[in-house]
Structure formats: structure tokens, C-alpha cells
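A.B. asks: Numbering (our numbering) for the sequence shown: 966 to 1250.
Treat the hints as calculated values from the structure; they're not laboratory data. Since the model is a prediction, treat every value here as computed from it, not as a measurement. Hints should not be assumed to be uniformly reliable.
What the hints assert, rightly or not - DMTMM-like mimics (lysine to aspartate or glutamate), calculated; alpha carbons at most 25 Å apart, straight line:
| hint | residue 1 | residue 2 |
| --- | --- | --- |
| 1 | LYS1135 | GLU1107 |
| 2 | LYS1191 | ASP1166 |
| 3 | LYS1047 | GLU997 |
| 4 | LYS1149 | ASP1166 |
| 5 | LYS1142 | GLU1107 |
| 6 | LYS1145 | ASP1104 |
| 7 | LYS1055 | GLU1224 |
| 8 | LYS987 | ASP1033 |
| 9 | LYS1125 | ASP1104 |
| 10 | LYS1149 | GLU1224 |
| 11 | LYS1073 | GLU1060 |
| 12 | LYS1037 | GLU997 |
| 13 | LYS1125 | GLU968 |
| 14 | LYS1149 | GLU1194 |
| 15 | LYS1135 | GLU1194 |
| 16 | LYS1184 | ASP1166 |
| 17 | LYS987 | ASP1004 |
| 18 | LYS1076 | ASP1185 |
| 19 | LYS1055 | GLU997 |
| 20 | LYS1191 | ASP1004 |
| 21 | LYS987 | GLU968 |
| 22 | LYS1145 | GLU1124 |
| 23 | LYS1076 | GLU1103 |
| 24 | LYS1142 | GLU1064 |
| 25 | LYS975 | GLU1124 |
| 26 | LYS1145 | ASP1185 |
| 27 | LYS1145 | ASP1166 |
| 28 | LYS1055 | ASP1166 |
| 29 | LYS1135 | GLU1124 |
| 30 | LYS1071 | ASP1166 |
| 31 | LYS1059 | GLU1224 |
| 32 | LYS1236 | GLU1060 |
| 33 | LYS1120 | ASP1104 |
| 34 | LYS1073 | ASP1154 |
| 35 | LYS1076 | GLU1113 |
| 36 | LYS1184 | GLU1194 |
| 37 | LYS1047 | ASP1004 |
| 38 | LYS1037 | ASP977 |
| 39 | LYS1142 | ASP1154 |
| 40 | LYS1145 | GLU1103 |
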Amino acid sequence: LAENTYRAYKADMAHLRLHGVKVPATPVQVAEYLANFADTLAVATLQHRLIAIHRAHQEAGLPSPAMDSLVKRTMQGIRRTKGTAQRRVKALVKEDIIELVLSAEKQKPMKAARDVALILVGFAGAFRRSELVSIRMEDITEFDHGVEIHIRRTKTQQEKGHTVFIPSAKSSRCPVKALKHWIKQAGLDEGAVFRAINRHDQIASQCAMSAQSVALVLKDAVRRSKGSEAAQPVSGHSLRAGYCTEAASVGIATHIIMEQTGHRSSATLAKYIRPLARRKTPSLL
């Protein structure tokens, strides 16, 4: 399992055990757990907990209570009464990215250089936040017209990883120029590219930033430019969703977008494309 997936399952099982659902568990115990938390936990969270207990039983070679009709009916009832709509983070499209860069540039030199590179590379590469902070100097290959970045492990490519090409842009907001500027400013020659910076505007560690830090950088940039309320729906996933939305809105073919994002199905990609693209669809009437 991917590290993030393993961590999520571990947290799910800890909560289940805390409330009396241990391996082996009975269908009644699992159904009662679901019913007890139907009003306080999101449907998606309950579904994830159900998958965790199912996998735990599978790995132990035991029959899964999640497959019992009582548990299935309980979960169906919760979905029907509570709904299954998922929270959708804001997609940061081209106009938003420009505003975020302008906001990031007003910071101290080192932090400004890092945040601008983080924002532009994250958007242009359509990276997940975990992929963005995993980029290492050894995985970057320079070309005359851009850079190639190899992500060693992704959510869907655990073994061979995924390679993304980011072309140079003619505008002043070029992700390749921003990346090179940050690397030069930080004096990097090996190891993690994006690192923590302390309040004295100095690199605080040789280790990579945490994935959560990507969301904090984006939220801070949005907060400075648009206020706290505008920052609430923004997350580390907003760059990836923004790339998909922007690419679809300008007519880039689905298979080309999928090559960049690493999506395996067009149905999954479609979930990332926000209404912005649909509003630009010409009327047939």
C-alpha cells in the first residue's frame, strides 16, 4: 500500500477498535458502529472505515463482516438518508494562479522563491501534493524547452512511478524559470527540492516539506490576496483540479490531460473538471 493509504487505514482501525470493533468483528458490531456515527461522520468516512475493517479481515484470512447483508443494508440506509455528495475543493485556474504568484512574491526572498516555484510547478505538472513534495534534484532532467520530472511513486503507480514534462512558458510566470530560480536561490544540488523555511527566511531542514504544508502555502497566498473566507475551500488538491479544469476549458484532448495527470480513466478525470469549463460550453440553441 502507498504510505498515505496505510496511514489512513491505520487511523481507521484505531477508531474502530476504540469503539469496540476489533478483528474478528461480527456484522452486528459493525452495523452498530455505522449507525452510531451516522450523524457525526461523513458518509465517505464511514465507507472508508468499512473498507478498512473489510481489508483487515481479508488479510487475517477471516470472513468479512462488511459483506453481510445487515451491514450492507445499514450502509445503504445511511447513504440514502445522509447523501453521498463529496466536498469539492476549489480549482485554482490560470487567473487564480497569477494572483497567488503575485501574493507569494511579496514575501521574504527565500520564501517567495520557494512558494512561487511550488505554485507554478504544482499547477503545470498537475501534481498531487504528496508528489510535489517528493520531487528530488536527482529526478529533474533539463531540456532546452522545459524540464522533465520523475515522480518515483504515485497513488496509482507504486512501482514505476510517473514522469511529467513541464514546458517553458513565454510569460513571466514560467514554471521552469521559477523552479530554476528557487534551486539557485537555495543552493540545491541534491535531495528534496521543496523544503521548509523558518521565520528568518532560511532553509530549516534538508528534508522535504510535508504534504500538508502545500495546502498551508496555498491557503496563505489566497488569504493574503482575497481574504480568509476565500481560502476555506482551497486545499493542496486545488492545483491539480485547476490544471484539469483549465486544460479542459481550452480544449486540450482528454488523453493528453491524462498523460500529464496520470489518471487511468476519463471518468475519474471528469471529477476534477469544475463547472468553470462547462460554463464556457457554447449553446446549441
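A.B. asks: Take the C-alpha atoms of LYS1073 and ASP1154, compute the straight-line distance between them, and say whether it is at most 25 Å.
C.D. replies: holds (22 Å)
A.B. asks: Quick one, are LYS1047 and ASP1004 close enough, alpha carbons at most 25 Å?
C.D. replies: holds (8 Å)
A.B. asks: Is LYS1071 within 25 Å of ASP1166, Cα to Cα?
C.D. replies: Since the Cα atoms of LYS1071 and ASP1166 sit roughly 13 Å apart, the hinted pair holds (cutoff 25 Å).
A.B. asks: Do the alpha carbons of LYS1037 and ASP977 lie within 25 Å of each other, as the hint requires?
C.D. replies: Within the cut-off at roughly 19 Å; holds.
A.B. asks: Is the straight-line distance between the alpha-carbon of LYS1184 and that of ASP1166 25 Å or less?
C.D. replies: holds (19 Å)
A.B. asks: For the pair we were handed, LYS1149 and GLU1224, check the Cα-Cα distance against 25 Å.
C.D. replies: Between LYS1149 and GLU1224 the Cα gap is close to 29 Å, so the pair fails against 25 Å, i.e. violated.
A.B. asks: Between the alpha carbons of LYS1184 and GLU1194, is the straight-line distance 25 Å or under?
C.D. replies: holds (10 Å)
A.B. asks: So if I understand the rule, the pair passes when the alpha-carbon distance is 25 Å or less; does LYS1149 with GLU1194 pass?
C.D. replies: Roughly 35 Å separates the two Cα atoms, so the pair is violated.
A.B. asks: Need the status of pair LYS1191, ASP1166: alpha-carbon distance at most 25 Å?
C.D. replies: holds (24 Å)
A.B. asks: What's the verdict on LYS1145 and ASP1104, does the C-alpha distance respect the 25 Å limit or exceed it?
C.D. replies: Between LYS1145 and ASP1104 the Cα gap is close to 14 Å, so the pair holds against 25 Å.
A.B. asks: Next pair to validate is LYS1125 with GLU968; report whether the Cα-Cα distance is within 25 Å.
C.D. replies: Distance of about 16 Å is within 25 Å: holds.
A.B. asks: LYS1125 and ASP1104: Cα distance at most 25 Å?
C.D. replies: holds (13 Å)
Going through the hint list in order, the structure does not satisfy hints 10, 14, 15, 19, 20, 22, 28 and 29.
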